[in-house]
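These protein sequences, in sequence, are chains A and B. In case it helps, this note's numbering puts the first sequence at residues 1 to 426. In case it helps, this note's numbering puts the second sequence at residues 1001 to 1423.
Don't read these hints as lab results, they were simulated from the structure. Check before you lean on any hint, since a few could be wrong.
Quick list of in silico lysine-lysine cross-link-like pairs, DSS-like style, CA-CA up to 30 Å [said to hold, decoys possible]:
#: 1; chain 1: A; residue 1: K406; chain 2: B; residue 2: K1203
#: 2; chain 1: A; residue 1: K87; chain 2: B; residue 2: K1227
#: 3; chain 1: B; residue 1: K1422; chain 2: A; residue 2: K406
#: 4; chain 1: B; residue 1: K1203; chain 2: B; residue 2: K1297
#: 5; chain 1: B; residue 1: K1201; chain 2: A; residue 2: K406
#: 6; chain 1: B; residue 1: K1203; chain 2: B; residue 2: K1422
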Amino acid sequence: MADKPEKKDVGKIFLEEVNRPAGEKTKKGNGQAVLIPVLAVISGLILGAILIILTTEEVYAGFGRGIFAGLGEAWKVVSTAYVALFKGAVGDPVRIIQALQSGDALEIRRSFNPFLESLVVATPYIFAGLSVALGFRSGLFNIGAEGQIYMGAIFATFVGYSVHGLPAYIHMPLAFLAGAAGGALWGFVPGFLKARTGGNEVINTIMMNWISFRLLEYLLTGPMQRPDSGGSPISPFILSTAEIPQFFAKPIRFHLGFFIALAVALLVYWFLFKTTWGFNLRTVGANPQAGRYAGMNIVLSTIMGMTLAGALSGMAGANEILAVNRTLALGFSPGFGFDSIALALLGGSTPGGVILASLLFGFLRNGATKMMLASNIPIDIISILQAFIIIFIAAPAIIRTIYRLKTPKPESEPVVEPAAQAEGGQ
Amino acid sequence: MATTTITRRTIEGISPTRRIIYGVIFLVLALIILFMFTLKMDPATISTMALTPTGVTRGAVGDLVFPALPAMIVMNALVAIAGIYQIVWGFGKRTNLILGLTFLVFLITFLMWTAGSKTLFLGSLLYSGITLSVPVILGAYSGVLSERAGVVNIAIEGMMLMGAMMGALVGSLTQSAWWGLVGAIVAAVLLALLHGWLSIKYKVDQIISGTVINIFATGMTSYISSKFMQHYEHLNGTPIFPRTPIPGLADIPLIGPIFFNTNFFVYSVFALLIILQLAIFKTRWGLRLRSVGEHPKAADTLGINVIRTRYMAVILSGVVAGIAGAFFTVGSIGRFEEMMTAGKGFIGLAAMIFGNWSPIGAFGAGLLFGSFESLGPSLSLLGSKIPSQFVGMLPYIATMVILAGVVGRGQMPAADGTPYTKE
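Just chain A, same shape as in the assembly:
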């Protein structure tokens, strides 16, 4: 069992970084807790702009005519793209002002639709981001959010279409909680394996992801396939009683799920920072040894952390089905679960930070859809931006070097030191 302590230390250094209370960070880090994420996002956008310039033929044609023509083309391409991104994400300011002046209620709603749509996209991000953040807080790396989202969607869909005769105020919460239970199940298994056998949760959650993808394929081509689908892998529509209500008429999809997400974030905050259970979770997450000395139940804490994280991801899946898609299809998630790792990092694993990061990603992804139409830049640029942002957040030294920031006094060094030695020596 020599590798027992060592296994707990996968991600240790990083978790130490993340788990330091936010307040402490701000005091000692010259405000870098806020500055670094902001600079990371800006740097990501700059690198994205460079990529756009490098992959646009018109720019090369422009440089063929002369240096200024080339720079002009480059500016034009990037500004067109990012203006389209902004308009797609927030809405066209001119149109919004005109709509407000005209006082036409329908036009006002339409002009705000891009903004509302961004909130729709941000909603599953909030759930999934909270899931990964809660995992980090309990010292676990939940890379399985995607699989948990799949399970949440499967459970919610099943309850959504198969349970008949319930009033909406029971059916909708029931389907939503079923989704949470599905995700919780998919979180419980790796949590249990980690606590009981020391099986690395990173590998196990990756495996669980793929098991859930295969399971969904099977279900949608077999038991859960819509009878009249003509062979395409899609589930029946959920009943109207299970739907999470949307607030406005058809093209606007803004729904109650967004507020449920905010409420859940508040709940997670309260749980983590105001309850004994949450305190135990964070202590065990930050330093299992300390937790053990204080008489905390490490096994229980690990299982609980992973199960709750799974439940949160499951809610993301349930939300997508009950509020937006209303039917389950292959590829219903454009990788919310994988993006959520970036969200938790960007948000410093605090519920508030996760909400802000989710809003940002919601705006980016929704805006990128419009950018793709306006300037022919594939939506995949969002993944590239994300990768850059995670790199800068995870290795703040890079950002500090680029922007010549001072390295904050490493007052937590003595805390890191014994752990690092234990790893090296083991």
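Once you've looked at the hints, dock chain B against the given chain A.
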């Protein structure tokens, strides 16, 4: 922290509990074979197995025809005997091998049962099994190389995807499969360098670094594919490596058509198996590599440059992942499609764990896992009642079982995943 003790689990024998668990698993398999296949077999069934892949003439042999039921009873009995032997005496070090063999028997009886009196194209099945295993096995080698030096590499999938894209792009531009391969390797090595740079220099958590590379590779390949390769046909049509029979060996009956009449990638799997197994376990270089992964501080004390060794391991890991990526485009269909690696890198990771961080184990596990993939389509052709998706899940479940230590935990390098700080 002055006293650090090094305790290592012995691998010579397995504990009595494990021995009995194994034995019970063998017996359960025997019972499953008995009740699901043997007892349901019509005594009059004659099994026909085509041993040569269809369309191959060199080294072809006739079909194997035999009565199904007696053969099944013999195999069934062997598994049961293995189970009893395991519980009473135990196979010791050979337990894992026997486990593999019992699974093989299970597979064969299963195939015989599904095929019934229809012809089972065993040769084609093996051939496609090996071909489909290539990226899984190479991915597993890639993982072995970096993890033996203590760097967890979950970015194999991303490196493979990037390699596949670059292979198609460079191969199409140069109209040469070899240059495509070079392009794939360079692309994967660049990502490997990023992984090394982040996780060794900046000590970013290796899981995060790997995740970043996977996200980046997904985004970048899809971006370039949808911006250029889908619009300009000439950017996405690379020549592929032809089937090159090895003179002499390709004519050997039975194994010739399956192993020695394929392309560069299958040969590289075998070549790398021998090279890596010898290099890692029999050379000074390999000893240094492993010492860096097991106990970097001790290695450093003895004058081994830990940082440089780790960089080298990660770069080599990238080279192998690049070859694996090239297989998807210049090795098979000659086109790049978005997300075409479809999790093969992660199955490779699983195979590496299942194969106990050794090249030979990675090869065996990769072959097993890859064959599961080839089984799926064949099963539906044979009219099996078991959904192919469940067969596809088996590698993942097997890996979780192994990780949980139910059937003997693997020997993960002790310092795997730990950044090294020189003092």
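Hint by hint, here is what the structure shows:
1. A:K406 with B:K1203: With Cα atoms ~19 Å apart, A:K406 and B:K1203 stay inside 30 Å; holds.
2. A:K87 with B:K1227: holds (22 Å)
3. B:K1422 with A:K406: holds (23 Å)
4. B:K1203 with B:K1297: holds (16 Å)
5. B:K1201 with A:K406: holds (19 Å)
6. B:K1203 with B:K1422: OK: B:K1203 and B:K1422 at ~12 Å, within 30 Å.
The structure shown violates none of the earlier numbered hints.
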